[in-house]
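Fit chain B to the given chain A structure using the hints.
So the protein lines, in turn, are chains A and B.
For the first sequence, the UniProt record's numbering gives the first residue as 1, with consecutive numbering after it.
For the second sequence, the UniProt record's numbering gives the first residue as 1, with consecutive numbering after it.
Check each hint, because a few of them may be wrong.
[Unchecked claim] Lysine-lysine pairs mimicking DSSO-like chemistry, simulated, CA-CA at most 27 Å apart:
1) B:Lys203 - A:Lys282
2) A:Lys173 - A:Lys126
3) B:Lys203 - A:Lys349
4) A:Lys292 - A:Lys342
5) A:Lys349 - A:Lys282
6) A:Lys410 - A:Lys388
7) B:Lys203 - A:Lys342
8) A:Lys92 - A:Lys126
9) A:Lys282 - A:Lys173
10) A:Lys292 - B:Lys203
11) A:Lys342 - A:Lys282
12) A:Lys460 - A:Lys335
[To be verified] One-sided excerpt, in silico: chain A residues whose CB lies under 8 Å from chain B:
13) Asn246
14) Leu322
15) Leu324
16) Arg351
17) Arg352
18) Gln355
19) Asp360
20) Leu365
21) Glu377
22) Ala378
23) Tyr412
24) Leu432
Bear in mind the hints are in silico, worked out from the structure with no lab data behind them.
Ideal placement from N, C-alpha and C gives every residue a C-beta, glycine not left out.
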Amino acid sequence: MTDHLLEVRDLSVQFHTAQGIVRAVNGISWHLDRGETLAILGESGSGKSVSASAIMNLIDMPPGEITSGEILFEGRDLLKASDEERRRLNGKRISMIFQDPLGHLNPVYPVGWQIAETAMAHGRGKAEAYDRALALMERVGIPDARASMGKYPHQFSGGQRQRLMIAMALALKPDILIADEPTTALDVTVQAEVLSLLEELQEETGMGLLLITHDLGVVAEAADRAVVMEGGLVVETGTPRELYHNATHPYTRKLLAAAPGKGAMREPEDGPEAILEVRDLKKDYGGFEALKGVSFDMHAGETLAVVGESGSGKSTIARLVLRLEEASSGTARWKGEDLLTKSPRQMGKLRRQLQMVFQDPTQSLNPHMSVFQIISEAWVIHPDILPKARWPERVAELLDQVGLSPEHAKRYPHQFSGGQRQRIAIARALALEPDLIICDEAVSALDVSIQAQVIDLLGKLRDELGIAFLFIAHDLPVVRDFADRVLVMQRGEIVEQGSVRQIFEQPCAPYTQRLLAAGLDSDPDVQADRRAARLALAGN
Amino acid sequence: MSNSTTHSTGPTDQQAVTPEAAVAAPVTGGPSGLRRILRMLVADKLALLSALFLVIVILCAILGPLFLAEMASDTNLRARNAPPFELERGFAYILGGDALGRPLLARIVMAARNTMLIAAGAVAGSMLIGSTLGLIAGYAGRWTGEVIMRLADVIMSFPSLLLAVIVLYMLAPSIGNLVLVLAITRIPIYLRTTRAEVLEVRKRMFVQAATVMGASRRRIIFRHILPVILPTLLTIATLDFAFVMLAESALSFLGIGIQAPEITWGLMVSQGRAYLTNAWWLAFWPGLAIILTTMSLNLLSSWMRVALNPTQRWRLEIGGKKND
Numbered sequence: 001m002t003d004h005l006l007e008v009r010d011l012s013v014q015f016h017t018a019q020g021i022v023r024a025v026n027g028i029s030w031h032l033d034r035g036e037t038l039a040i041l042g043e044s045g046s047g048k049s050v051s052a053s054a055i056m057n058l059i060d061m062p063p064g065e066i067t068s069g070e071i072l073f074e075g076r077d078l079l080k081a082s083d084e085e086r087r088r089l090n091g092k093r094i095s096m097i098f099q100d101p102l103g104h105l106n107p108v109y110p111v112g113w114q115i116a117e118t119a120m121a122h123g124r125g126k127a128e129a130y131d132r133a134l135a136l137m138e139r140v141g142i143p144d145a146r147a148s149m150g151k152y153p154h155q156f157s158g159g160q161r162q163r164l165m166i167a168m169a170l171a172l173k174p175d176i177l178i179a180d181e182p183t184t185a186l187d188v189t190v191q192a193e194v195l196s197l198l199e200e201l202q203e204e205t206g207m208g209l210l211l212i213t214h215d216l217g218v219v220a221e222a223a224d225r226a227v228v229m230e231g232g233l234v235v236e237t238g239t240p241r242e243l244y245h246n247a248t249h250p251y252t253r254k255l256l257a258a259a260p261g262k263g264a265m266r267e268p269e270d271g272p273e274a275i276l277e278v279r280d281l282k283k284d285y286g287g288f289e290a291l292k293g294v295s296f297d298m299h300a301g302e303t304l305a306v307v308g309e310s311g312s313g314k315s316t317i318a319r320l321v322l323r324l325e326e327a328s329s330g331t332a333r334w335k336g337e338d339l340l341t342k343s344p345r346q347m348g349k350l351r352r353q354l355q356m357v358f359q360d361p362t363q364s365l366n367p368h369m370s371v372f373q374i375i376s377e378a379w380v381i382h383p384d385i386l387p388k389a390r391w392p393e394r395v396a397e398l399l400d401q402v403g404l405s406p407e408h409a410k411r412y413p414h415q416f417s418g419g420q421r422q423r424i425a426i427a428r429a430l431a432l433e434p435d436l437i438i439c440d441e442a443v444s445a446l447d448v449s450i451q452a453q454v455i456d457l458l459g460k461l462r463d464e465l466g467i468a469f470l471f472i473a474h475d476l477p478v479v480r481d482f483a484d485r486v487l488v489m490q491r492g493e494i495v496e497q498g499s500v501r502q503i504f505e506q507p508c509a510p511y512t513q514r515l516l517a518a519g520l521d522s523d524p525d526v527q528a529d530r531r532a533a534r535l536a537l538a539g540n
Numbered sequence: 001m002s003n004s005t006t007h008s009t010g011p012t013d014q015q016a017v018t019p020e021a022a023v024a025a026p027v028t029g030g031p032s033g034l035r036r037i038l039r040m041l042v043a044d045k046l047a048l049l050s051a052l053f054l055v056i057v058i059l060c061a062i063l064g065p066l067f068l069a070e071m072a073s074d075t076n077l078r079a080r081n082a083p084p085f086e087l088e089r090g091f092a093y094i095l096g097g098d099a100l101g102r103p104l105l106a107r108i109v110m111a112a113r114n115t116m117l118i119a120a121g122a123v124a125g126s127m128l129i130g131s132t133l134g135l136i137a138g139y140a141g142r143w144t145g146e147v148i149m150r151l152a153d154v155i156m157s158f159p160s161l162l163l164a165v166i167v168l169y170m171l172a173p174s175i176g177n178l179v180l181v182l183a184i185t186r187i188p189i190y191l192r193t194t195r196a197e198v199l200e201v202r203k204r205m206f207v208q209a210a211t212v213m214g215a216s217r218r219r220i221i222f223r224h225i226l227p228v229i230l231p232t233l234l235t236i237a238t239l240d241f242a243f244v245m246l247a248e249s250a251l252s253f254l255g256i257g258i259q260a261p262e263i264t265w266g267l268m269v270s271q272g273r274a275y276l277t278n279a280w281w282l283a284f285w286p287g288l289a290i291i292l293t294t295m296s297l298n299l300l301s302s303w304m305r306v307a308l309n310p311t312q313r314w315r316l317e318i319g320g321k322k323n324d
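Isolated chain A (complex conformation) (with noise of 0.2 Å):
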């Protein structure tokens, strides 16, 4: 028999769906011991998740079918035991956390009833229960633990919420700890903190934790061994030292090589006069301050990079400057001429220099036009760009230069991946012909390969055709590879800024210090020096 904790043998699941049988996990195998923490790396649609949703008994049967294997918990096999034996282990001794804790945690239920709830389900007294969840929520860090159980989930902020959730799959001691891209939603410095927590509480209660991610840094921070998953089957295991040094399979190779953050750094040149000039912009929604007098100047052809966790402001600048939201105060002149005060009529005319990214290109594309008419609306508004009769040469002439091909203009957005209408929405908004380019987290939702090309393109067209552009993201590696220049944010206003180099190597403000400690890097070695540059740092 086996003496792992957890082991998962020649497991296959597949999916019936319209157009055929989908193999979600084909023949996958694994093992988690006690007090071990696994990884399973791997890009979307890889079948990270699958095996963690057989464990838990999560997968809707149909449409999907375990089709072989089993899954070995102390030795007894989960796939034969009655649905309520398997109830009784979920929860109890298997645990989980999910990536979005707002959507699992019931909004209409004070948080100290939802923790002491999972203790109460499985038979423990209401008092209890209660004490056991004071307990945990002091143990995650929440702080003013009493007063903050009748609160409610909208009132914590995200890595708070994720910490309730940890709580919650604590309440009863479990086992194994399934995380299921637990940090994915939050931002670097609490991403630090979370998984810290996660390695802390594994050291006091000895479970094995299970850790499903695309992030090669998440593996090198936190894991003992990792699996490489790619199209459903297990491609490498090793640890992650062994996995970044010596990986054999290819797309392991492929993964490392995409991993931003290793390239030279571009030098800022002294070029002409600035195109945008930023002064004193502020922005407050009631009584609150989003933006607190930010100003900056962009010049032709420059790739500014605005860096800052979620609620910086970062997003503001760029709605405030596109006029999606009017500003409270400031300038903002565009070649002379101050956008903040012109009518709709001129910005309209404006607007084709100034063109924006958005981050999630599912939803910044229509999904009732085809690509064609996606592209060809710029010159339906601007309709003095080009002559209708031209419209199909310049559609076929713009797919092929973001890497589609000519015969993708008759297809609709869903027919895509992300990565491919993401390069749509680039062509839209290269299809006025601008100046500069706003990209809002325009990489953030992409899986790392794909997020390299898409970067890659960024950088074509930006030599190819000068566009200037203005590059807001929360993740540092990738503006470490591709910005001339940076902005650091925090709270609404600007703490640093400077050329790449400059902020990269000698970090003044302790803020853009923190974040620099907070990145992950994929390299373990590299990790560990961070890590200890981050405890330092909370030393002081």
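Same frame as chain A, but now just chain B:
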């Protein structure tokens, strides 16, 4: 879970991906407009039958009065309440005769014109006005929106039939006035639905993307917002069709709607009500006509909802296979 797997892209970004893409691509490149619509209609058998039935109803409405006007109004006392399925009085009496011995089949065909005119007029009118106001209320500033919504509240605070009774009592009961009254009472439904949907859709990213490109308000409303909310409006409209037909018959029953000798299906139902115990067919056949018409409209609208949506259209294009 199944979602993430069917829409997965695999590691390479370059290849065409989803199964839908593979299926839909050759079709989108293929035949144009009308043939494509017909092919999608054939793929859904129920929608096809509904469309055929509606074509027949419309033909009846257009051509019926030309040929059957006399037959439908000739009384024949020997055929009073004649039972259906007897051929000795001629084919016109296959559905039986009414209380004055007029053939029901001819009368149903005759009544199709008035019924369709009133129902279609009222539904189209209320949908047009209601959704236009709804678009304005949802997209314009707060003040305009508030004023329009309060207007809708005023209309809704009257029971719609009471309002119709008052108006028709004051105006002469004619088809035009009936359409007007029924249209007004149904406006708030479209108005509120449209406004609610506009408020949601206008926050979507692709609307903002259009704004960034410099699209005019008109373009944003008609090109980006309207196509998204149209299926909802059409669904409501088809459901409302039945309601309007029944409301019209209620008004006719009270004597302030359609006046004899003009007839509608609703009026026929209410006239047949008195004979329900001994001659059920008087009310049954026109009632059946109402049910079949609304049901056909309903089936057709749900087909249309799929056919109008590019992300759903493949279901019809792969030959009507049901998705689980």
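Hint-by-hint comparison with the structure:
Between Lys203 (chain B) and Lys282 (chain A), the direct Cα distance comes to roughly 22 Å. Compliance with the 27 Å bound is thereby established for this hinted pair. Between Lys173 (chain A) and Lys126 (chain A) the CA atoms are separated by roughly 17 Å; this keeps the pair inside 27 Å, and the hint holds. Taken as a hint, the Lys203 (chain B) and Lys349 (chain A) pair is honoured in the structure, with Cα atoms around 23 Å apart against an allowance of 27 Å. This hinted pair checks out: Lys292 (chain A) and Lys342 (chain A) have alpha carbons roughly 22 Å apart, not beyond 27 Å.
With a C-alpha separation of about 25 Å, the suggested pair Lys349 (chain A) and Lys282 (chain A) falls inside the 27 Å cut-off, and the hint holds. Between Lys410 (chain A) and Lys388 (chain A), the direct Cα distance comes to roughly 17 Å. Compliance with the 27 Å bound is thereby established for this hinted pair. A distance of roughly 23 Å separates the Cα atoms of Lys203 (chain B) and Lys342 (chain A); the hinted pair therefore holds under the 27 Å criterion. Between Lys92 (chain A) and Lys126 (chain A), the direct Cα distance comes to roughly 17 Å. Compliance with the 27 Å bound is thereby established for this hinted pair.
The hinted pair formed by Lys282 (chain A) and Lys173 (chain A) fails the criterion: a straight-line CA distance of about 48 Å is larger than 27 Å. Proximity of Lys292 (chain A) to Lys203 (chain B) is assessed by CA-CA distance (about 25 Å); at most 27 Å being required, the pair is judged to hold. Restraint check for Lys342 (chain A) and Lys282 (chain A): the C-alpha separation of about 17 Å stays at or below 27 Å, so the hint holds. For a cut-off of 27 Å, the pair hint linking Lys460 (chain A) to Lys335 (chain A) stands: about 25 Å separates their Cα positions.
Of the supplied interface hints, the one on Asn246 (chain A) is violated, with its beta-carbon coming no nearer than about 21 Å to a beta-carbon of chain B, more than 8 Å. Against a cut-off of 8 Å between C-beta atoms, the interface hint on Leu322 (chain A) holds, since the closest Cβ of chain B lies about 6 Å away. A hinted interface residue such as Leu324 (chain A) counts as satisfied when its beta carbon comes closer than 8 Å to some beta carbon of chain B; here the least separation is about 6 Å, so the hint holds. Taking 8 Å as the C-beta contact cut-off toward chain B, the hint placing Arg351 (chain A) at the interface holds, the least distance being around 4 Å.
The beta carbon of Arg352 (chain A) comes within 6 Å of a beta carbon in chain B, closer than 8 Å, and the hint placing it at the interface holds. Checking Gln355 (chain A) against chain B by beta carbon gives a least distance of about 6 Å; that is within 8 Å, so the hint holds. For Asp360 (chain A), the interface hint holds, the least distance from its beta-carbon to any beta-carbon of chain B being 6 Å, beneath 8 Å. Taking 8 Å as the C-beta cut-off, the interface hint given for Leu365 (chain A) holds, the closest approach to chain B being about 6 Å.
Hint status for Glu377 (chain A) relative to chain B: holds, with the closest Cβ pair at about 7 Å, below 8 Å. With its C-beta approaching chain B no nearer than about 6 Å, Ala378 (chain A) sits inside the 8 Å limit, and its interface hint holds. Taking 8 Å as the C-beta cut-off, the interface hint given for Tyr412 (chain A) holds, the closest approach to chain B being about 4 Å. Annotation: interface hint on Leu432 (chain A) holds; nearest CB of chain B at approximately 7 Å, less than 8 Å.
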